[in-house]
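Enquirer: Here's the letter readout for the chains.
There are 2 protein chains.
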Amino acid sequence: MNYSERALAILKTAGAKEGDTLLVQGKDDEQKGVLMPHHQFSDPDVIVIKLKSGYNVGIRLNEDVFVKVQDRAEERARPSRHAKADAALPTVAIIGTGGTIASYVDYRTGAVHPALSADDLIAAVPEISSICNVRAKVLYSIFSENMDCAAWVGLARAIVCEIEAGADGVIVPHGTDTMGFTSAALSFMLEGLDRPVVLVGAQRSSDRPSSDAYTNLVAAARFCATANASGVFVLMHEGPSDTSALVHRGTRVRKMHSSRRDAFHSVNATPVAKVSFEGSVEFLADHPVRGTGKLVLRDRMEPKVALLQFYPGMDPESFYALIRAHRGVVLAGSGLGHVSAKMVEMLAKAASDGVAVAMTTQCLHGQVNLNVYATGRDLINAGVVPCGDMLPETALVKLMWVLAQTADISEVRRLMTSDLQGELSPRREIDD
Amino acid sequence: MNYSERALAILKTAGAKEGDTLLVQGKDDEQKGVLMPHHQFSDPDVIVIKLKSGYNVGIRLNEDVFVKVQDRAEERARPSRHAKADAALPTVAIIGTGGTIASYVDYRTGAVHPALSADDLIAAVPEISSICNVRAKVLYSIFSENMDCAAWVGLARAIVCEIEAGADGVIVPHGTDTMGFTSAALSFMLEGLDRPVVLVGAQRSSDRPSSDAYTNLVAAARFCATANASGVFVLMHEGPSDTSALVHRGTRVRKMHSSRRDAFHSVNATPVAKVSFEGSVEFLADHPVRGTGKLVLRDRMEPKVALLQFYPGMDPESFYALIRAHRGVVLAGSGLGHVSAKMVEMLAKAASDGVAVAMTTQCLHGQVNLNVYATGRDLINAGVVPCGDMLPETALVKLMWVLAQTADISEVRRLMTSDLQGELSPRREIDD
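Order-wise, the sequence lines are chains A and B.
Counting in the numbering used here, the final residue of the first sequence is number 863, and the numbers go up one at a time with none missing.
Counting in the numbering used here, the final residue of the second sequence is number 863, and the numbers go up one at a time with none missing.
It is worth saying that the hints were derived from the structure and are not from the lab.
Among the clues, some could well be false.
You can't tell identical chains apart in this list, so a pair holds if it fits in one copy or across any two.
Unchecked claim - For lysine-lysine, the following DSBU-like pairs were computed, each having C-alpha atoms within a straight-line distance of at most 30 Å:
| # | residue 1 | residue 2 |
| --- | --- | --- |
| 1 | 735 | 780 |
| 2 | 773 | 735 |
| 3 | 443 | 499 |
Given only the sequences and the hints, what does the whole structure look like? Please build it.
Expert: Here's what the structure looks like:
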């Protein structure tokens, strides 16, 4: 739905257009901010303006409200793909894939839809243009639960195109649900990557007051443009307040809360860096630096790999057929990497059938160790590959990648137990 | 293997027997502690003594070592089922199930075997006899990855027997791998429980210096004997040092590290209490008190329930047959409880076939909300039951229990979305 006649009249009287900075005076207060796009499903009487703090507020237009244009969009250097490049600034490519970071709320139903174009996103974040020259495009517009091997491959290729065209870094706005899977997939596919690729998301859509889209995007731009780091990273809020973001290694990061803005954590690793929303970048862990690799795109993935969590009473019989329909399976075992005796037997059979079977821990923290208990030694004898302190999700993605690189099971084992992209620590003592 | 001739001669000379308190003098130092049982696979030259701190040390007996008995076991009140009951003390039953807490290390291979009897366990922890009268028995001697519905039922019945025989509380030493599943199962099966049942484990076997078996057992005895609480709990170390244990609600606890002693955490809930190893009990959250329920054993469980974690590219076709082989399935979806569009379609089919489909979040922290995104609303239309902030593992066990109580799908839905044993919070605002 468009604006109501009343709202349109008020905006027309003021001569206000999308992107203009407005002063909106109510009976008791006034707000100043940039007029945001009006969406099809938004309330027809409400305008949304983005405050200087990055927060969006919705204001209902009625006879008590007075709107005044303070700064016209045409008069500002609007940051977009059409903006004149500043030769002194680095170039960052933004490749949109969808998700909450590029979404808006349907105010009739309260539901969230993917909507904004890459240009809209940049228009909503003018600060980026002072940090870098931006080239933006939308590759996908999907919720991340619908990402799959084919989508990862398309994304990896799009990133390589941007790098070959000279981008100093690439930002990938992405749905948070499966962002950790995609960052792991890109980590393995973009071998020898010599600059940063940063996946960034939001837990609140960009038209909501508490949105983290703005702050996370600016921090990602800053990191991509200026940080001396290479590799695939995920950047999200560090805490519940708007002070800083953490940059996580793409193979070590997991979404650990369904709704908080600080949902993402590095597991079994220290975050790589902290980016304050005031602008500073502080490194927290060793990391590869820029310009030291030679990019080789290894974009073949084997989709027939399953991830299964062990639980008491898991029925080997009904899982056997499922596993046989796959070329590989990653178990998230209990504790140090255990399954029931009956499941060990079934996994031994699957392994002898040629299925690659890898073991991680459902504890998430800590490592697999198959040398402590009898169950673990039985699993080793069954041919199960222990995955150390690799996340189950990363092990799934890595096995998809490894099985597309080689059919030799001993090479599969060697690759799965080698640290390729920071996904695996050297074996540590079990006493913490 | 038994002690070597040399070790035997040294012990015989000293007149030292198992359970005696020894002073062991070496060339440069001396240690004082209780002589522990010698196991079949232990080093034949090494004795293990338990220090007053609860730590065990192994000491190699050779010509430089002098052993002296300081206190004979017979002269002390040996705490065991044969100990004379002290009418002033509460009675606590210990029902052993196996696991590391009742294990010892095979020094040839470094592997851990379940071994100690319940009496051995108590003999190793003399402090318990000053806290309560103990009745101990070994019900199972298995690693907890081999627990299943049938084992849970047997354990629930054994607990009811002990309560009917007058136990003021029950301690269940249990392997840590699936302790959270068992505590959830007991929570639902022991309806109206009016005293504490405490599952306790160890991450280091009882003959290792860093064992947490001793401290956790003493803290469990103290809580069972004295705390004004009822329900099923898990008690484990609070931090890496030996200062205190946390008591977690049985439906809210998860093993979050494969090896640390402080591996157990309450998820989406505050731990119920803190027990300092010096003896105090401090409550941290609301909890049911003693003597307010009427125990009804509801020990039927439906084993044909599966737990599945969603991942990108999950193949609906191969999972459909698996799900149809079960009466219920709990998904650990991404984010607020999502799966891919293809999986939604398949789950709708399974639900219309009569399979109970429940949704949790693989984030573990936070809650499911199927009203925010289009995917969630599609899942509601598909008949999927949202499980709020319930742990995936607890939802699995609860669905096993619910499907054994009723075949009516609307009653299944009502029970799954009701808080029965503290497993589910009232719906909260998503903006934490």
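Enquirer: Which numbered hints are broken by the structure, listed smallest first?
Expert: No hint contradicted; all consistent.
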